[in-house]
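Reconstruct the complex from the two isolated chains, following the hints.
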Amino acid sequence: MTMQPASTEIVSRTAAIIHEFKGLEGPLLPILHGIQEEFGYVPQDSLPVIADALNISNAEVHGVATFYHDYRSHPAGRHVLKVCQAEACQSMGSDAVAAKLKQLLGIGFHETARDGSVTLEPVYCLGLCACAPSAMLDGEVIGRLDDEKLDEIVAEVRS
Amino acid sequence: MGLIQEIDFGTPASTSEKQVTLTVDGFTVTVPEGTSIMRASMEAGIAIPKLCATDMVDAFGSCRLCLVEIEGRNGTPSSCTTPVAPGMVVHTQTGKLKDIRRGVMELYISDHPLDCLTCAANGNCELQTQAGVVGLRDVRYGYEGDNHVFKKNDGVENFRWMAKDESNPYFTYDPSKCIVCSRCVRACEEVQGTFALTIEGRGFGSRVSPGMHQPFIDSECVSCGACVQACPTATLSEKSLIQIGQPENSKVTTCAYCGVGCQFKAEMRGDELVRMVPYKDGKANRGHSCVKGRFAYGYSTHKDRILKPMIREKISDPWREVSWEEALTHTANEFRRIQYQYGRTAIGGITSSRCTNEETYLVQKLIRQGFRNNNVDTCARVCHSPTGYGLGQTFGTSAGTQDFDSVEHTDVVIVIGANPASAHPVFASRLKKRLRKGAKLIVLDPRRTEMVKSAHIQADYHLPLKPGTNVAVVTSLAHVIVTEGLFNEAFIRERCDWDEFQDWASFVALPENSPEVVGKLANVDPELIRGAARLYARGGNGSIYYGLGVTEHSQGSTTVIAIANLAMATGNIGRKGVGVNPLRGQNNVQGSCDMGSFPHELPGYRHVSGDAVRDIYESLWGVKLDDEPGLRIPNMLDAAVDGSFKGLYVQGEDILQSDPDTKHVAAGLAAMECVVVQDLFLNETANYAHVFLPGSTFLEKDGTFTNAERRINRVRKVMAPKNGLADWEVTQKLAQTMGLDWNYQHPSEIMDEIAKTTPSFAKVSYDYLEQMGSVQWPCNDKAPLGTPIVHVDGFVRGKGKFIRTEYVATDEKTGPRFPLLLTTGRILSQYNVGAQTRRTDNVMWHSEDRLEIHPHDAENRGLRDGDWVKLTSRSGETTLRAEITDRVSPGVVYTTFHHPDTQANVITTDFSDWATNCPEYKVTAVQVGASNGPTEWQRDYNEQAEQSRRIAPLQAAE
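In the order they appear, the protein sequences are chains A and B. The letter at position 50 of the first sequence is residue 50 when you use the numbering used here, and the numbering goes up by one with no holes. The letter at position 33 of the second sequence is residue 33 when you use the numbering used here, and the numbering goes up by one with no holes.
Chain B with its partners taken away, still in its complex shape (with noise of 0.2 Å):
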C-alpha cells in the first residue's frame, strides 16, 4: 500500500494560457506563463533545494536555498520569486550555487537542535532532507553563542530561549526547532485567511508568534492545522505523531462532517490513524481543512462508542448485550409482528445523511422492498427539504447549481443565513480569500457573524434583519431590481418565460415590497436594501450562497424560490461564478436526498407516482411498490402517538436532539413498539430504543458521501469495523434476515445498482471514481465527466420558471410573555448535535452551548455575562448560561445546540414550511430570565437518559 507522496512544487499554479518554453539545466520545459522556475523545474522532475517555498501559499523568497543561475543575468536571483521567461537557460546546480547554498544551511544548522533521533519530523523533515541534499558535512560555526535551541547557555538562563507550547489540544509549537520561513504565517494566512500568526521581532530575534505573543490557545487561532501542516520541520507537529510516530500507508477518504466534502489523506501506522492530511487534488478542498475534519476523530476511538448489538424488551430495562443474529432475528421478528398486527404501513425507517450513498440507498431499499411501503425519510427534512422544493420548482434540480471552484469567479456573493466560517470553515477560507482580492459581499443574518466583519473581511452591505422576514427582504431586493430596471432582460427572454416574468414583476413591484415598507417590518435602513440589491444586480459575476438560515422557516421553501428568482432575473445562473448554492448541512445530505430518502421520491428525485420509474425498480427488485407518498418524520411521530405507527429503524440520526419540539419526539418514539437505532453512541434517540445496532465510523468502511456541490467522492476502508460489521453489510443482514435475497459482496456492487437505475449516475461505478477522482452528477453519456455548473446551456426543467412569493410572517410572533426571538446556529468546533465532537478535544473551544444576548436586554432583565438563565417559549424551557454581546441586535437571542444538557429544541415550536415540513428552528418567540440552574425537565430528562442507558452486567459464562 504504501504512503501517499504528493509533489511539492514549491509555488501555487499559474492559471495563465500562455505558454513559455525555457531550459533547466538542459531540458526543455513548456509552462503557463507566471510559472516560477522552481515550479517550472519541478515540472521538468528537478527538484531545486527549498525551505520557505511551499505551492500552497505563494512565494516569499527567504530561505536562499532555492538560488539559481540564469544566463545573461547577474548573480543568483532565487527561484521561487523569480518568473520564467521565453528562452531562458536556467543552471540549478554549479559551484556557486553548491557553495553558496551550503553556506546558508550551515547557519540554519548552527541555531538548530541536532536531536533528529528523538525528533517526531525524523524522516519526514524538510531541514534533515535538504541539509542531505545539499551536502552539508561541518557546521563552522559550532552551536555554542546566541542561539535559541538551549535553554541555558554556560549555566545562564537563555533569554532567547522558549518553552514548547502544548496548549492546543491536536498540535504543539516548539519554537527552539523554528527556522522562521515564514510558512506557518503564510498558511494562515493565505490559506485559512484567519491572520492568527506573525513574526515578532526582527533579525536574529524574529519568532514566530500565535496573537500577540500568547499560547496558541489564548490566540485568534482556530486550529485548522494550516500552519501545522506548512512546518517543514518538528516546529508544528500533531501530538499524535509524536505519540504514535510517521505514519506507513495512506489512503484518500473524505471527511464524514460538513457538506463540503473535504478529501483527505488518512496517515495510518498499521491500523491505527496517526493523522489526517487534506490531499491537494480534493476538489472541494484544494488541500486544506478545518479543526473538525484533520484533528476531531478521536470519537472513533472513545470509550463511549458502543460496540456489540443490545435489545431489551421495555425502554425502561437496561440493555442486554447479544449476539448479531440474535439482534437482528428479534428486529426482523418483531417489525413483521408489527405488520400482521398493526398494517403495512405500521413501521418505517430513517436514512442518515452521515451515511454513504450505498447504505442509503439500502435502508431505502428495504423500506421499499422489505416492509412494502414508503414510509422513508432522512434528517434532510429538518435541514434542506425546502432547497429540493424550491431549486425542483423553479431551475428542475433539487442541488446547488456551481462547483465549488466557482468561487473564484464571483465579484458579489450574497450570504444569507449562513455563517460559513463556522459551518462550512474550508468554503469559508476559499471564499475570504476570494473577498481580500477585492469581490464584494452582502450578508443577510439577524447576527453580526464572522462573515459580517473579521480581519480583512466586511461585508459590503450586513442587513440584519429580524428572524422570519428573509421572504420580505429577499423579494424587497428583487423589487429594486424591477423598479429600477437592474433586470438582464436578455437572459430572461432566452431562457425564461417571460409571461411569468412579468407576472412576478409586476408582483414584487408592489409598494408593499419596496425596501421603504420591508424595511419597517425587517428592522432594515431601506437605504441599505437598495445598496445591496444594486451591488448584487449590477456588480459583475452576482452568487448566493445560503444555509439554514433560509430553510429552517415556515417560509423556507418561499426564500429559496425568492432566492432562484433573483438569481434568474439578474441572469447570474449557467456560468462560473454565479450560480444558487446551498451550503448543505451534513457530509451526505445531498446524497441521502439523491438516494430516494424522502417518502415520496425514488432515487433520482422522481416520483413515487411515476409508473415507469416503478417499473425499473419492480422488475429489478421482484415486488410491486406502493404508488403512494409514505409519512414524513412529523407524520411517523404523529402516527405513533396515535397508535397507528409501532416501528422505526433508524439509521445515524438523533431525531430525539436534532428534531424540534423534543418532547413531541419523546412521546411519539415512546408510544412505539419496536424502535430500532443504528449509531456509534446511545444517543438521545437510543434512550427510546428497543434495539441497538452499533455503527461504524467512516474510517471503517467503503463507499461514496456527495457534497454539497454534487460531487460523489470516494470513502476508503483505512481499519476494519471496530463492531465487526460496517453500517452496510448490517443492513444487508436485516434486509436477509427479513428474507430479502440480497448478496453485495463490496459497496461498488450498489452503487452498480444505483447507476443501472437512476439515469444521472449512469456513467458512475468505482472504476471511474479510481481514474476521474470524484465526479459532479448528472454524469451520464450527457456528461460523461460530470457537471461542475448546472443549466449552463438552458434550465434543466425547460424555462426558468419565476413564482411569486409572497411574505406570510410566521405564526410564531412576540409578545408580552415572549418578548424575544430565538434563533440557532452553529460553532466552529462543534458538529451539530455534537455526538462525534464532543467525544474529543474540540470541547476545549466550546464546552456548553451559551445564550448571546443584546446588552440592552440583558441589563433589562439584571443578567450579568456568565449567569444562568431560564429561556422559555410555548414549548417548553431550559436554562443555559448567558453571552452579553452586541453581535446580536436587540430583541433577539442566540444560541447553538450542540449540548444534549441544553436541548435547545425544547423550547423550539412544531411550526414548520408549509411545502416541506421543515421545522421552523430559526424564529422562537421566547423569554429569558434570571435562574437557578437546570430546570425540572432538564433533570428528568437527565435521570431518564442516565436509567435508560444501563448496560447489563454479562452473564458469567455457561
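For reference, chain A alone in the conformation it holds in the complex (with noise of 0.2 Å):
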C-alpha cells in the first residue's frame, strides 16, 4: 500500500499547485491535472482547496474530477496499464486480451496489484485502431498484442 501524504500536506501542495494554474482560463481541469501528476491522484482533501481557491463548492469540484476517469481518487500503482475495449479493438478480440491480462497480474479492472507493482483499467480507444488490439502501458502505446507480448508487458510491470 502506497503512503498516502498526511492532509496538511496535502493542503500546501495543493496551494502551490493552484497557483501555478489560477490563472488561465478554466483552471479546474489543469490544476487537477497538475495534482494528478503531483500526488499520482486526486486526493479528497485537495478538493476543498481548490474550491476555495476558485469560488466555487466542494460539490462542483467532486462533480469535475469523477467525471473524467483519468483523475484517480487512490493511488495508482507504478506501473499503469490500459487495456482498449472499444469497438475496433473488439472485433479484433481485446476481450480475450483483457481476460488474460486479469488472468496473469491476477486483479480486474480498475484495481491494482497487492504488491503496488500494477493498475489495470479499460479505455476507450487509443486511436490506434489500425494496430488492434491495442494497450497503453505508462504512456506508452502498444499495438497487435498477442501472448508473447502480453507476457513482455507482465514481466516488465513485474520486475
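Just so you know, these hints were derived from the structure itself, not from any lab. Treat the hints with caution; some may be incorrect.
Facing chain B, according to a computed beta carbon distance under 10 Å, are these residues of chain A, among others [as the list claims (entries may be wrong)]: (1) I56; (2) H62; (3) H69; (4) Q90; (5) A96.
Derived contacts from chain A toward chain B, CB cut-off under 7 Å, selection only [unchecked claim]: (6) A15; (7) A59; (8) E60.
Since the model is a prediction, treat every value here as computed from it, not as a measurement. Just so you know, even glycine gets a beta-carbon here, dropped at the ideal spot from N, CA and C.
Structure follows, in C-alpha cells:
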C-alpha cells in the first residue's frame, strides 16, 4: 500500500499547484491534472482547497473530478496499464486480451496489484485502431497485442 | 377546499416585450419572444410530456421526453430548449414522437423500483404520471442486469446500489429511486445559489451527490428544500410526507419567521400539516424558501407549548392553570387596581412583531382606548426604530423604498451590517442570482460573511470596518462622491433642497471625513473606501440593503440618515434597481410599526399630538386620547424600578432575552405587580409574569403580515387554535372584560377599521387581498394597486432632505480591562431568541451559541477551538465555547443570541441610539478568558427559571 501524505501536506502542496494554474482561463482541469501529477492521484483533501481558491463549491469540484476517468481517487500502482476495449479492438479480440491480462496479473479492471506494481484499466480508444488490439503502458502505446507481448508486459511491470 | 394546484410551465417565463405567434397542434398561441415551445404549449393548454423540465430552473434538455416535431425542420428537437419562432407549426403528438417517448420511458423504468403502492410519492409522482401519459405498457428490457435499484443482484452485492441517506432531519435521499434528471442540482444552483449538489461520475454511473459524496448533513447543503421541491420522484422526500401521506387540502399563507414574507401553500391532511411548499405567486419569494420557513414549523405542536391560561400571586409561586374567564378577569381587575392605586399611566403594553397587523392594532387600541394612555411600544424599538426615524426625516416614509423584485434590476449593491444569507436567506438567494449575472457587490461588515465570499459570490469591495464606525465610513463614501464630483446634480436640483445639499456637501468634504482619516479609525484601507464609493456612484443602478448592523448602535439613526444621503446624492431613488432597503428582522415588524405600536404614533405614523388624527380615533372609539407620547420599553423598565410603573401586557415578545442589559430588564419586571405574558411558550420573560395567556401560531389564525417591502400578505387559518383562541380573540376578550365595547367577528373587520382610519391603508380589505394576492402600502385611491416603489416622482416629504451626519464615537470603548469589541448576529438555522427554532430539528445545525475569535486573540489568551471561555463586559459576564476563525478581524469577537443559556444580553450595555433608544447591541467592549464552565450568574438564572416554570399539579375534580 502506497503511503498517502498527511492532509496538511496535501493542502500546502495543492495550494502551490493552484497558484501555478489559477491565472489560466478555466483553471479547474489544469489544476486537477497538476495535482494528479504531483500526488499520482487527486486526494479528496485537495478538493475543498481548490473549491475555496476558485470560489466554487466542493460539490462542483467533486462532480468534475469524478466525471473524468483519468483523475484517480486513490494512488495507482507503479505502472499503469490501459487496455483498449473500444469497438475496433473488440472486433480484434480485446475481450480475450483483457481476460488474459486479468488472469496473469491476478487483478480486475480498476484494481491495483497487492504489491503495488501495476494498475489495470480499460480505455475506450487509443486512436490505434489500425494496430488493434492495443494497450498503453505508462503512456507508451503498444499495438498488435498477442500472447508474447502480453508476457513481456507482465514481466516488465513485475520487474 | 382541495389542494391548490399550480401549473408547471416547464421553463421560466420570458421577460421579452416582443410577442411571437405560433401554432401548436392546430391551436394558435402568442407568447413573449424567447419562450420555449414547451411553455408556449402549456399556455395553450397542451402539456407536453416532460421529466427534467420544471419552471423553477432553466431548460436542460436531458430527459428526451419532451420532443416535438416542427414543420420544415429536421429531427425531433426537445421542446424545453427550443425557443418559439414566428409562424412556427409544432406537433406534439405524432406516431414517431409516441414511439420515441415510450422507448425512453422504458429505459427509465427498467432502472426504477416498482414499489409504487408503498412509495411516498404515490399519487403525486411525475415519473408515474409520465409513464401513464406516454402509454407505457411493457418494459422489454426487464429489471435484471446492471441497475441501481437492488441491494443485491443474484445474491451478490450490487456496487451501484446506494443506501438511503436520512441524515437530514427533514428529508430523505433515496438514490435507488433517482432518475438523474438534475432538477435538484439545478435548483440548488439556480434557485438557492448554494451549489451543494452535483452529478458525480458519468454515463450509467451518474449519481446525485451532496458535497463530495457525503451525507446531506455533512455537505454544504443549507437545507432550503429547493431540491425536494424540484424532485419529480420520491428520491428527495419530506420526512413528514413519508410519515403522514399525501396532503388533500391546502391554503396559501405567509411565513412567520423573517421580514422577507415568503408565501407558502400549507399542505394539509385534515388538520395535520403535511408540508409547507413555497408558493410561486408569492411576490416576495417567487416560489423559494429557506430551512426555517419550509421545515421549522414543529414548534407549533411541541410539548413545551402552553395551552391553558395560568395565573399566580407571586413569581416565586408555581403556576396554576385556570379558565380563560378567570385569567382575564384577574388581569382586568389587577390592571384596574394598579391604575386606581398608582395612576392611569402605571400600566402599559408591548405589541408583537410576530403577531398579525390586526392583533397588533388591537393591542395598541386596548392600551390607548382601554388603558387610556400611550404606554405602548414594540420590539422594533430594539431593531429598526432608527430606520423609521432616519428614513422618515430624509425621505418622508418610515419604510424601505423598493420591492424585492427590484434586486433583479440592480447593478451595484451595497450591503451594510446585514448577513442576508443567514438572516434573510430567500432575499440572499435572489441577490446572489443577480450577482451571478454580473451585478457588483460592496459589503460593509466587521465580519467576512457569506456575502463577502461563498461559492460564485465574491464581494468586489469588503470594508471590514471596526464595530461602531458605520457613520464615519458611510460619510467617508459620501466624501469621495462629493469631492470627486460623482454626485448626480440634476437629480439633486430636481428632487432635493439644493441649499441643504450644499451645506451637507461642505460638511462631508471636510478633511476629517476623508477616507485617509476615517480609514485609520475604522481600520479600513482608504483605497477600498474610494473604490467602493466610485463603484456605487458610477456603476449604474445602485441599491443599498442594510440590517441591524446599521441600526443597533448609539448612532444608528445617524447611519440610516447617512445611507439616505448617499442614495440621494447619487440619484439612486425612485426607480427599479435602486433604493434604500432595510432588511426587517421579523415577519411583521414593518406591520407592527405601521399599526401604531410606538408611544408617540397612531397607526400610519401619525403623531399623537395631531388633533386631526386623534379626532378620527376619538370619534370612533368614543374616548379622549392622550396627546402626550407614552413610555418606551426602556422607560417603562426604568419607571418600574423607580416604582411608578406596575403593570405590563406583553404579547409575543421575550423582552428578558431580547432586550439589552438583562439584569436591568429582570429588575424592572420583578418590580411590577402584574406582568401578563401572552406567548406560545413559557419564555424567559414569563419567569417574571403573574398571568400567562397561551398564544396561537400563525397556522391557527387569519390575519395579515406586512413584510420588509411594505407588502401586506394574508395569513390564513389552516387549523383550529390548540389553545382555544386566536391571539386577536384573547386581546378582544381582555378588552371586553375591561368593559370595552368590542365586537369583532373576524380579523377582516379589524382590517376594515384600519383601512377606514389610516389613509395609507384606505383601499386594503380582505376581499381586495383575495383578488390581488397581496398589495404594498400605500394602497389607496391615489395608488389603487399599491406601491411597489416609493418616491417615484418625488419624495413623499416633498424635497429630499440632506442632513449632516457627524461621527461621534460611542462611549462604549475598549481599554486595558476590556480590549476586544463584541458584535452579535444570527445564524441561518436559528431565528432570533430561538424560542421557535430551538424547538425544532434545526438544533442539528446550531445547538449552542459560540464565540468567534481571531486566531491571534485566541493565541494571546491560550485558547483552543471549542474551549469554554468567559466573556466579560462592564455589564456582566457569561460563558460559552470559542470558535477560532479569521472570519472576524483581530480585536473583534462575535456571537449569536439564539440560546437563553448563553444570555448574550447579560453582556450588552444600556447604551442606545440617541434618537430612538434602539440599544447598541452591536458594540460592547469585552474581555475573553479561559473558563471552567457556566458563571454563577448563569447558574442562578437557570435555577430561578426552573423554579419559575413550575406548574402546580391539577387539583382532583370536586
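Going through the hints against the structure:
1. I56: Interface hint status for A:I56: holds (5 Å vs cutoff 10 Å).
2. H62: holds, 4 Å
3. H69: At 8 Å from the nearest chain B Cβ, A:H69 passes the 10 Å test, so the hint holds.
4. Q90: Since chain B brings no Cβ nearer than about 17 Å to A:Q90, farther than 10 Å, the hint is violated.
5. A96: violated, 22 Å
6. A15: This hint is violated: A:A15 lies away from chain B, its Cβ roughly 16 Å from the closest one there, beyond 7 Å.
7. A59: holds, 4 Å
8. E60: holds, 6 Å
Comparing the model with each numbered hint stated earlier shows that hints 4, 5, 6 do not hold.
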